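Engineer: Protein chains in written order, with the working numbering: chain B, 1 to 370; chain A, 1001 to 1370.
It is possible that some hints are incorrect.
What the hints assert, rightly or not - Pairs of lysine-lysine residues, derived as BS3-like cross-links and limited to a Cα-Cα distance of at most 25 Å, are as follows: (1) K334/B / K1228/A; (2) K1334/A / K228/B; (3) K241/B / K1323/A; (4) K337/B / K1228/A; (5) K337/B / K1241/A; (6) K1323/A / K218/B; (7) K1313/A / K241/B; (8) K324/B / K1241/A; (9) K1337/A / K1107/A; (10) K323/B / K1241/A; (11) K241/B / K1107/A; (12) K313/B / K107/B; (13) K218/B / K1241/A; (14) K241/B / K1337/A; (15) K228/B / K1107/A; (16) K1044/A / K334/B; (17) K1274/A / K1313/A; (18) K81/B / K1218/A; (19) K1322/A / K107/B; (20) K1293/A / K322/B; (21) K20/B / K1020/A; (22) K1323/A / K1313/A; (23) K1241/A / K313/B; (24) K241/B / K1322/A; (25) K1313/A / K1285/A; (26) K1337/A / K228/B; (27) K241/B / K285/B; (28) K1218/A / K107/B; (29) K1293/A / K241/B; (30) K107/B / K44/B; (31) K149/B / K81/B.
Said to hold, decoys possible - Negatives, chain A to chain B, calculated, CB over 10 Å: (32) V1105; (33) Y1244; (34) G1267; (35) A1273; (36) H1276; (37) A1277; (38) G1291; (39) N1298.
Hints are computed from structural coordinates only; laboratory data are not their basis.
Note that the structure is predicted; figures quoted are calculated from it, not measured.
The C-beta atom is built at its ideal place from N, Cα and C for all residues, glycine as well.
Protein chains: 2
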Amino acid sequence: MASGILLIPGPIVISENVQKALGTPSVSHTSPEFVDLFASTLQKTRQLFQAGESAQPLIVAGSGTLGWDMAASNLIEPGAKVLVLSTGFFSDSFAECLQTYGAHVDKLTAPLGGVVPLSDIRKTLGGQKYEMIVITHVDTSTAVLSDVKSISEVVKNVSPDTLITVDGVCSIGCEEFAFDAWGIDYALSASQKAIGCPPGLSISVLSSRAIEVALNRKSQSSFFASFKKWIPIMQNYEQSKAAYFATPAVQLVNALNVSIGEILEQGLEARIAKHHATSDWFKNKLRTEKGLKLVSSNQRVSAHGLTAVYVKKPAEAISALKKKGIIIAGGIHKDIKGEYIRVGHMGESACNDSLCHIQLCYEALSELEL
Amino acid sequence: MASGILLIPGPIVISENVQKALGTPSVSHTSPEFVDLFASTLQKTRQLFQAGESAQPLIVAGSGTLGWDMAASNLIEPGAKVLVLSTGFFSDSFAECLQTYGAHVDKLTAPLGGVVPLSDIRKTLGGQKYEMIVITHVDTSTAVLSDVKSISEVVKNVSPDTLITVDGVCSIGCEEFAFDAWGIDYALSASQKAIGCPPGLSISVLSSRAIEVALNRKSQSSFFASFKKWIPIMQNYEQSKAAYFATPAVQLVNALNVSIGEILEQGLEARIAKHHATSDWFKNKLRTEKGLKLVSSNQRVSAHGLTAVYVKKPAEAISALKKKGIIIAGGIHKDIKGEYIRVGHMGESACNDSLCHIQLCYEALSELEL
Chain B
1 MASGILLIPG PIVISENVQK ALGTPSVSHT SPEFVDLFAS TLQKTRQLFQ
51 AGESAQPLIV AGSGTLGWDM AASNLIEPGA KVLVLSTGFF SDSFAECLQT
101 YGAHVDKLTA PLGGVVPLSD IRKTLGGQKY EMIVITHVDT STAVLSDVKS
151 ISEVVKNVSP DTLITVDGVC SIGCEEFAFD AWGIDYALSA SQKAIGCPPG
201 LSISVLSSRA IEVALNRKSQ SSFFASFKKW IPIMQNYEQS KAAYFATPAV
251 QLVNALNVSI GEILEQGLEA RIAKHHATSD WFKNKLRTEK GLKLVSSNQR
301 VSAHGLTAVY VKKPAEAISA LKKKGIIIAG GIHKDIKGEY IRVGHMGESA
351 CNDSLCHIQL CYEALSELEL
Chain A
1001 MASGILLIPG PIVISENVQK ALGTPSVSHT SPEFVDLFAS TLQKTRQLFQ
1051 AGESAQPLIV AGSGTLGWDM AASNLIEPGA KVLVLSTGFF SDSFAECLQT
1101 YGAHVDKLTA PLGGVVPLSD IRKTLGGQKY EMIVITHVDT STAVLSDVKS
1151 ISEVVKNVSP DTLITVDGVC SIGCEEFAFD AWGIDYALSA SQKAIGCPPG
1201 LSISVLSSRA IEVALNRKSQ SSFFASFKKW IPIMQNYEQS KAAYFATPAV
1251 QLVNALNVSI GEILEQGLEA RIAKHHATSD WFKNKLRTEK GLKLVSSNQR
1301 VSAHGLTAVY VKKPAEAISA LKKKGIIIAG GIHKDIKGEY IRVGHMGESA
1351 CNDSLCHIQL CYEALSELEL
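All chains, please: the whole structure from these sequences, using the hints.
Structural biologist: Laid out in structure tokens, this is it:
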């Protein structure tokens, strides 16, 4: 398969070394070689999420969505009250997943393109006990960035017992994120966005408090998504012992090891700064030179891994770019579906200047009547 | 990663073309190219399972285990009675998964190395209404092969309303299996065994009766494993329309398309016959020339994708073969864990004579004191 310049908000362009690591022979999932590789990948995942030794990373064959099931079926019991901050399609789908496992969900819905005001969160948490709060760090449908750090501070102040779950599918690797320092309990991501790996892996991290909740849970609501099953497996691998619950996707783990390695080699801070610079450049050009309006209502709430921007004829823009070998995405937010486009700028495309991906995309866009 | 000759019962050695198809750039999961590829892979999956147009294949990022959750959370309601025929570790784990989702499981446990007599199944089904029966076609822990065709006939005779679920993780691609002709309702497999693809995909097929049950279900017990979510996605892709529920593992699907293509090119019947020939040769050599005893109690119940054989010192045998670059597996059945080894002979290793994998394995084994 060949793809041209893939600038959708995931899957993204992978580096040559990640591609090489993917296209390797199968190895035994219990071999010392794979045990070491998996242990190293788990350790790197900790660093990527800025989590310490008391936190537990999980890498499981699946997709970002599987992380929702993990949160919903392990961290709360049926009937538990959960507060979901909705900034778009993905927050709403996460809420649906929580309800599937019996959660009683209250939703604070942000105005389109914006975030839920901290004062609303404070008030709601103060008025009622919630067992979990769910924050979508970046909602890929709107490119809205939530201020996870400040929200966590509010939660810690008003309702410290409330578990904090973060959907970091479109943020880990391209937005500032500090699992331990911000006191997050569960953060989930996927391999195919800013982590720079092909799709097929659910990647997440549990706090010691979340581990305790999951392990002391009386009833189980899921099997493949069960923390009780996966935590000992990951702990064993990290202690250089093979363990089996379900067969890991060995080549994808190999690719993930390389992709997180590349991020850490560049330096997490530098990597994130580079995503910010690329995003700012692109968004500024679109706003100032093309006079376009972003879906995210201001810079403070604008994600750095993708841009959602209103254009007159989204389908025509996507098709015109495709003719030039540049693949971008359409809108998926129900209220404005046919009114905007989405351009991903994560991983290689955001960080490897020699590729000129975002410049090329901007040039191609600027030739169009937008 | 390099692996030597990988002869565990999955992951298995993949062909050069499968490896090439894996190590490709990411593509958009909604691009026409990927839509066509996915549609073609779903069609090939039908052929592989010998299922017709009324059956629905599902290909989802995950592992074989995810198929258990799919059966347990979509085809039965909590409290439903399920009959599990246990031929080893994997049947027992499937039973645990069913119980997790609220099933009331009755188990008919075969004697170690054997299968449950048809008369017992007939009697049990006659005495009580079961909503589902679960058959592990090949239990990878014992290498015991169940006679799915005859069991299905019994079910159709005695209790035609009972849904028939088959765990075909270690059988699809190397054992005779006829989804439609045998009247199976749900058959699940995984990418990394006789299908010849790397691990990371749950591959399964639903009958029209199972689709009806899943779609008319009132409550939902799972989200990522939900048939209600996945069926329309797969139907859309097969009708050349992109659809989104969770991001597919695009490179793995590309690899799967090639690996099933290779099976169908060889001819499904010829492919299965070749697995039988390789297995018979290996098992006969071990029995007659080395005087060893198989875990499976007779030829009729012996799987053709792997061999489980008692040896005096399993750990030493595994280690001696590893020194020669041949990777085999140890036992995992709780009652005989330290008493046997398992050798996988699926896919390339069973079908590509020029590799001589199984001969080399036999030669290496025959030099040992077993």
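Engineer: Would you mind marking each hint as holding or not holding in the structure?
Structural biologist: Verification of the supplied hints:
Proximity of K334/B to K1228/A is assessed by CA-CA distance (about 20 Å); at most 25 Å being required, the pair is judged to hold. A threshold of 25 Å between alpha carbons decides the hint, and for K1334/A with K228/B the separation of about 20 Å falls inside it, so the pair holds. At roughly 20 Å between alpha-carbon atoms, K241/B and K1323/A fall within 25 Å of each other, so this suggested pair holds. Our distance criterion of 25 Å between C-alpha atoms is met by K337/B and K1228/A, whose separation comes to about 23 Å.
For the hint pairing K337/B with K1241/A, the CA-to-CA distance comes to about 17 Å; that is within 25 Å, so the pair holds. Between the alpha carbons of K1323/A and K218/B the distance comes to roughly 46 Å, so the proposed pair goes past 25 Å and is violated. Simply put, K1313/A and K241/B have alpha-carbon atoms about 21 Å apart, close enough for the 25 Å limit, and the pair holds. A hinted pair counts as satisfied when its Cα atoms are at most 25 Å apart, and K324/B with K1241/A qualifies at roughly 23 Å.
The straight-line distance between the Cα atoms of K1337/A and K1107/A is roughly 22 Å, inside the 25 Å bound, and the hint therefore holds. Between K323/B and K1241/A the CA atoms are separated by roughly 20 Å; this keeps the pair inside 25 Å, and the hint holds. Using a Cα cut-off of 25 Å, the hinted pair K241/B and K1107/A is violated, with the two alpha carbons roughly 32 Å apart. For the suggested pair K313/B and K107/B, the alpha carbons sit about 32 Å apart, so the restraint of at most 25 Å is broken.
For the hint linking K218/B to K1241/A, the alpha-carbon distance of about 43 Å lies beyond 25 Å, and the restraint is violated. Pair hint K241/B plus K1337/A holds up; C-alpha atoms about 17 Å apart against a cutoff of 25 Å. This hinted pair checks out: K228/B and K1107/A have alpha carbons roughly 24 Å apart, not beyond 25 Å. Our distance criterion of 25 Å between C-alpha atoms is broken by K1044/A and K334/B, whose separation comes to about 34 Å.
Of the supplied pair hints, the one linking K1274/A and K1313/A is violated, its CA atoms being roughly 30 Å apart against a limit of 25 Å. For the given pair, K81/B sits about 22 Å from K1218/A by alpha-carbon distance, which is consistent with the 25 Å threshold. The suggested pairing of K1322/A with K107/B is violated, with an alpha-carbon distance near 56 Å, which exceeds 25 Å. Between the alpha carbons of K1293/A and K322/B the distance comes to roughly 62 Å, so the proposed pair goes past 25 Å and is violated.
Between K20/B and K1020/A the CA atoms are separated by roughly 10 Å; this keeps the pair inside 25 Å, and the hint holds. Restraint check for K1323/A and K1313/A: satisfied, since their Cα atoms lie roughly 16 Å apart, inside the 25 Å limit. A C-alpha spacing of about 21 Å is found between K1241/A and K313/B, which places the hinted pair at or below 25 Å, so the restraint holds. Annotation: proposed proximity of K241/B to K1322/A holds, straight-line Cα distance about 18 Å (limit 25 Å).
The straight-line distance between the Cα atoms of K1313/A and K1285/A is roughly 19 Å, inside the 25 Å bound, and the hint therefore holds. A distance of roughly 23 Å separates the Cα atoms of K1337/A and K228/B; the hinted pair therefore holds under the 25 Å criterion. Our distance criterion of 25 Å between C-alpha atoms is broken by K241/B and K285/B, whose separation comes to about 52 Å. Restraint check for K1218/A and K107/B: the C-alpha separation of about 24 Å stays at or below 25 Å, so the hint holds.
Using a Cα cut-off of 25 Å, the hinted pair K1293/A and K241/B is violated, with the two alpha carbons roughly 30 Å apart. Only pairs whose Cα atoms come within 25 Å are accepted, and K107/B paired with K44/B is rejected, the gap being roughly 34 Å. Between the alpha carbons of K149/B and K81/B the distance comes to roughly 22 Å, so the proposed pair stays at or under 25 Å and holds. A cut-off of 10 Å between C-beta atoms confirms that V1105/A is not in contact with chain B; the least separation is 13 Å.
Interface exclusion of Y1244/A from chain B breaks down, the closest Cβ pair being 8 Å apart, not more than 10 Å. For G1267/A, the shortest C-beta to C-beta distance to chain B comes to about 24 Å, beyond the 10 Å cut-off, and the non-interface label holds. Even its closest Cβ contact with chain B, about 24 Å, leaves A1273/A beyond 10 Å, as expected for a residue assigned away from the interface. Residue placement check: H1276/A keeps its beta carbon more than 10 Å from all beta carbons of chain B (closest about 23 Å).
Every Cβ of chain B is farther than 10 Å from the Cβ of A1277/A; the closest lies at roughly 23 Å, confirming the non-interface assignment. For G1291/A, the shortest C-beta to C-beta distance to chain B comes to about 28 Å, beyond the 10 Å cut-off, and the non-interface label holds. N1298/A, annotated as away from the interface, keeps every beta carbon of chain B farther than 10 Å; the closest lies near 28 Å.
In terms of the numbered hints stated before, the structure departs from hints 6, 11, 12, 13, 16, 17, 19, 20, 27, 29, 30 and 33, listed from lowest to highest.
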